[in-house]
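Turn these sequences into a full structure, and let the hints steer you where they fit.
Read top to bottom, the protein sequences are chains A and B. Each number in this note's numbering corresponds to the 1-based position in the first sequence with 1185 added. Each number in this note's numbering corresponds to the 1-based position in the second sequence with 438 added.
None of the hints are false.
Estimated spans, in silico, between C-beta atoms of each pair:
id	chain 1	residue 1	chain 2	residue 2	range
1	B	Ala-458	A	Ile-1422	43 to 53 Å
2	B	Ala-458	A	Leu-1421	31 to 41 Å
3	B	Ala-671	A	Glu-1419	27 to 37 Å
4	B	Glu-489	A	His-1423	48 to 58 Å
Non-contacting residues of chain B with respect to chain A, defined by C-beta distances greater than 12 Å in every case (computed):
id	residue
5	Ala-452
6	Ala-458
7	Ala-465
8	Ala-602
If we take Cβ atoms under 8 Å as the criterion, some of the chain B residues that face chain A in the derived model are:
id	residue
9	Pro-477
10	Phe-527
11	Glu-623
12	Ala-632
Read the hints as simulated data drawn from the structure, not as lab findings. Fair warning: this is a prediction, and the values are worked out from it, not measured in the lab. Where a beta carbon is used, it is the ideal one built from N, C-alpha and C, also for glycine.
Each chain, letter by letter, is given below.
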Amino acid sequence: MSASFLQRIAIRAGAAPSAMPSLAAKGLGGAPVMRAELPEEEAPEVQRVARRIARAAAPPPAEPPLPEPDEKAPVQRLPARRLSTDPDAEKERAEEEELGPLLHRAAAPESPERPDKEPTRRAAAPDPATLSPEDEQVPEALAHEPPPRDLRALRRDATSPAAPAAAPATAPIPPGGSDAPFPAGAAPQAAAETGPAPVSPFTATPALPPFLEGPAAPQAPAAERPSVVIEQVEVLIHEPAAPARPAAGADRSRLVRARYLGRL
Amino acid sequence: MDRQPSTHPVAFPAVAWRPALGTAELAAAEAATAAAPRPQRATALLDAVIERLEDAPMTPELARALSCGTREWLLHRAALRFRPDLTWFEANCDTCGAAYDLSLDLRAMPLRPAGAAFPVAWVETSLGRRGFEAPNGGHEEALAGEAGLDPRRRLLALCGLSAAAAEEALRFTEADCARIDAALEEVSPELGEAAASTCPSCGSAVAARVDPFRFGYPAPRGILREIHLLASAYGWSQEAILAMPAARRRNYAALIERDRQARSGRRGALP
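Quick look at the structure:
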């Protein structure tokens, strides 16, 4: 930030141009007043279901780290809760929690050294050509069991392209920019780049998205690639019930079959 | 000194916030989204959310008299009252255009205290020793309303305490301007307003402004929607709804929505 003090005031007042972008709250996609989307309850039900299904099929975005002890389980429903102040998104999330059993996602292995403060690449997804089921983590209890063949096929089908990149440090720029008592490129930030550090007023520590690098990183090159696995996607199709009518013909035979199956 | 400084002499005053009622929330939301330049919106918003400042009742005039740094500090604090848990942000890399997310603690934004001489800085210029007051909200508003002028010299004209400040601002040399600029920076409080990082996609250095107007305040639409829900469900007036705490209004609205969804779900389940 090389603008002088008076120039910064002029920029804030709108009297001078600035090429610097502004941060927006994650999830809002800009200032609240800039949103032009329909509220969730105004959108058709079909669109909502389609969005949920699309989210389930898409690779999980970068989420802030969570301290739950069961996070290392290889297959579980994502416990991460994306920060959002959007009431529409909150409502949709609540609905999604109600439908929890329908959507299962595989959580990528959490990088143990991932700190909290750091920019993360958005929605980076793995390259399907480089994915291999052998690279994925397996629970200890299942370590010696081969995965079923149909599961392998599902995993390969459920990947999407993209390659991640390492993420660096973040630091609030102190007032005055490079001339201020806490220059952006000085010791605090340099320390942050060397590894995780406690968050201080002038530094934020780097972190990696959970699915970018895992414990298997030092192994073969293929193991360094991210992997996103959707173990199971179940879609609930809601059909209006058919009007009741007297059983006859095919219905009767259906009833017989149902009774037979019920006895089994 | 030909005139007294108009900038409030306390850099970080004691603040008494207005109660978190719907009236204050709606006033803040409307101020934040008004079709006005940012300084005017800042004045209106501070007037909407602050009740007293250093035991003086808050007024638009008092909001204008606060130094620019004081106003930014208060705007950030006001944003934290509305969205205290906000830590994740997003921006686009200005090099590659890719979106990136970053976690930032707004409470940890660096804050530079005011100089000992606040709110006045004395500078030796080519025209002699001149006094300048720390820029305040009134100066920002005046600057926002003018286009085409050199904003730095315009600020020197506004902040100069000399009777001939407007005329002298045009005569100062570039070295004078730089000295005055540095002196005002030294004497003024200031809150860090940007976050620097490295783009995780292309690796280039990125910086993004941290402007609470982009994320920190409620939108009128959401409040009006909740008023509509309560008014249509219970028959309460807008005044009565806005007189209740914002959190209670939100809870009522959530209950009404849940009931409506339950009813619509039952209807959908019928043959």
